[in-house]
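Model the placement of chain B on the given structure of chain A, informed by the hints.
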Amino acid sequence: MKNVLRTHPVLSLAFGLAATLTLFFVVRAVFFALYWADPAHALHPVEDWMTPRYIVHAYSLRPESVAETLEIAAGSSPRTPLAEIAEARGVPVETLILAIEALVAQRPAQ
Amino acid sequence: MSDALFQLVPEYGAGLVFLATFLSCLALPAPSSLIMLAAGAFVASGDFSGWSVVTAAFGGAVLGDQLGYWIGRKGGMPLWDAAARRPKTAGVMARAQASLHRQDILAVYFSRWLFSPLGPYVNLAGGATRMNWVRFTIADLAGEATWVGAYTGLGYGFASQIEELGDTLGNIVGALAAGLVTLLLGRALLRASREAHARKP
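Order-wise, the sequence lines are chains A and B.
Offset between the first sequence (1-based) and the working numbering: plus 384.
Offset between the second sequence (1-based) and the working numbering: plus 95.
Next up, chain A with everything else stripped away, as it sits in the complex (with noise of 0.2 Å):
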């Protein structure tokens, strides 16, 4: 058997690259899908990327109170993310994000 890593180091080599990279994906998947399970995690922070009608669906927030919050017409569900209407109201995102997290707090236990 060790004769063959002589006589075809490059398989070899190979053969040795793509074990180690398999195993670095299965123990990072196992630890994310571990992260993920833990209930403690299960609620995703509110991101700059997240647009109002996304906000409305993960959150199963009313859209009325999310379009008050974040001060866009009534009834309009721009396709903007909250970076973005931040940058339009002239405030940082993290106002914005802090303000739709007060708001996910105040629902009613599910």
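One should not assume that every hint holds.
As the list claims (entries may be wrong) - For the chain B half of the interface with chain A, some residues (derived, Cβ under 7 Å), not all of them:
1. Ser-147
2. Ala-254
3. Gly-274
These aren't lab readings, by the way, just hints derived from the structure by calculation.
Glycine included, C-beta positions come from ideal geometry on N, C-alpha and C.
Quick look at chain B alone, frame taken from chain A:
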């Protein structure tokens, strides 16, 4: 990094989805799986229409695959041909080509979604080995339908957790592709060691 990506999706819409799947099927770095997850999530939220996302993703993927196949077919693959000529690797290449030919439909189908990192190379190899185009295309359409359906479906169903999904899936798919390559190389190594052993007086 996925944050920046997720932000591009609502801004550039179906056009971005089309470009991403098209480029990734040509082996160009494009995080098409993440983009499709996000697109599915934005369909669930109501920001996108399901039809535009699915059509864009599927169309881009199939077009990219066809281009890859024809590049392989017209250009051959200089590396593949060179390797096929070298006496030491000729045997391995001939066996690889034979396996690809026997399992052509399955190889194309599963490299669309289950072993997606290998997809672009299967396109090039398929073209270079002159795989029957009709068989290639049928398997490609079925496989891409599975891929687009699975990722946009997952994004749709787990809209609030696309980042977590993206992380986990990326690693699972990476493990599958690397695992398959490991198995194939291991089998080749085993065969090489047996042949060397058999040649001993």
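Evaluation of the provided hints:
Taking 7 Å as the C-beta contact cut-off toward chain A, the hint placing B:Ser-147 at the interface is violated, the least distance being around 12 Å. With 7 Å as the threshold, the beta carbon of B:Ala-254 comes within range of chain A, its nearest partner Cβ sitting at about 6 Å, so the hint holds. Given the 7 Å rule on beta carbons, the hint for B:Gly-274 holds: about 5 Å separates it from the nearest Cβ of chain A.
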